[in-house]
Amino acid sequence: DAGITQSPRHKVTETGTPVTLRCHQTENHRYMYWYRQDPGHGLRLIHYSYGVKDTDKGEVSDGYSVSRSKTEDFLLTLESATSSQTSVYFCATTEGEKLFFGSGTQLSVL
Amino acid sequence: ELKVEQNPLFLSMQEGKNYTIYCNYSTTSDRLYWYRQDPGKSLESLFVLLSNGAVKQEGRLMASLDTKARLSTLHITAAVHDLSATYFCAVGAAGNKLTFGGGTRVLVKP
Numbered sequence: 003d004a005g006i007t008q009s010p011r012h013k014v015t016e017t018g019t020p021v022t023l024r025c026h027q028t029e030n031h032r033y034m035y036w037y038r039q040d041p042g043h044g045l046r047l048i049h050y051s052y053g054v055k056d057t058d059k060g061e062v063s064d065g066y067s068v069s070r071s072k073t074e075d076f077l078l079t080l081e082s083a084t085s086s087q088t089s090v091y092f093c094a095t096t097e098g099e100k101l102f103f104g105s106g107t108q109l110s111v112l
Numbered sequence: 648e649l650k651v652e653q654n655p656l657f658l659s660m661q662e663g664k665n666y667t668i669y670c671n672y673s674t675t676s677d678r679l680y681w682y683r684q685d686p687g688k689s690l691e692s693l694f695v696l697l698s699n700g701a702v703k704q705e706g707r708l709m710a711s712l713d714t715k716a717r718l719s720t721l722h723i724t725a726a727v728h729d730l731s732a733t734y735f736c737a738v739g740a741a742g743n744k745l746t747f748g749g750g751t752r753v754l755v756k757p
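Residue numbers (the numbering used here), protein chains in the order written: chain Z, 3 to 112; chain A, 648 to 757.
Looking at chain Z on its own, in the form it has when it is part of the complex:
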């Protein structure tokens, strides 16, 4: 599992509230990613990071921001959560040619 821990595992929040999801890795991997998974869409890339303080947008970045102040932590923030952001969020890191995923965070925005 490339030493990836996501927190929280489940969260229920209300529309308009800020939410931060955390991804922690223990393997000192340079690249980290946030994906969301929705039925019929597979996984879609939200943001990614290629080093401390180096981040870039993916294909579905609107409404999300990220920060990476330490190699081991990659934070995903929903500044003002909307119902369309109800989803399962996966963090991933790269080890060699492979991409390994965390266990996911189920987020429900009511």
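No lab work stands behind these hints, which were simulated from the structure alone.
It cannot be assumed that every hint is accurate.
[Claimed, not checked] What follows is a list of derived Cβ distance ranges for each label pair: (1) Z/Thr15 <-> A/Lys650: 41 to 47 Å; (2) A/Ser659 <-> Z/Ser86: 30 to 36 Å; (3) Z/Ser69 <-> A/Arg752: 40 to 46 Å; (4) A/Asn699 <-> Z/Lys100: 17 to 23 Å.
For each residue, glycine too, the CB sits at the ideal point set by N, CA and C.
Position chain A relative to chain Z; hints supplied.
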């Protein structure tokens, strides 16, 4: 924009028979991934295919890549119940950013 299409979306299999899942993608790429996901779980890496003509096999699963046709196949030999899951292909770009297909849900019946 890279598009990745899998078919079929759903595959009902009989134990002991052979089946194939297809993954087509729209632009040139040098790497193709296959993942397995069980309900409520994370994604498990199955194969990484890195060159035209690459073929990899693990147990009853075999994946191949034709970069000229922009096609990868995942072949299942003599299906067994344990192979019931959702299978995703993903096409890689620079920085290991992946674009996923929509997934193929596989159900193996006795």
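Earlier hints that do not hold, by number: 1 and 3
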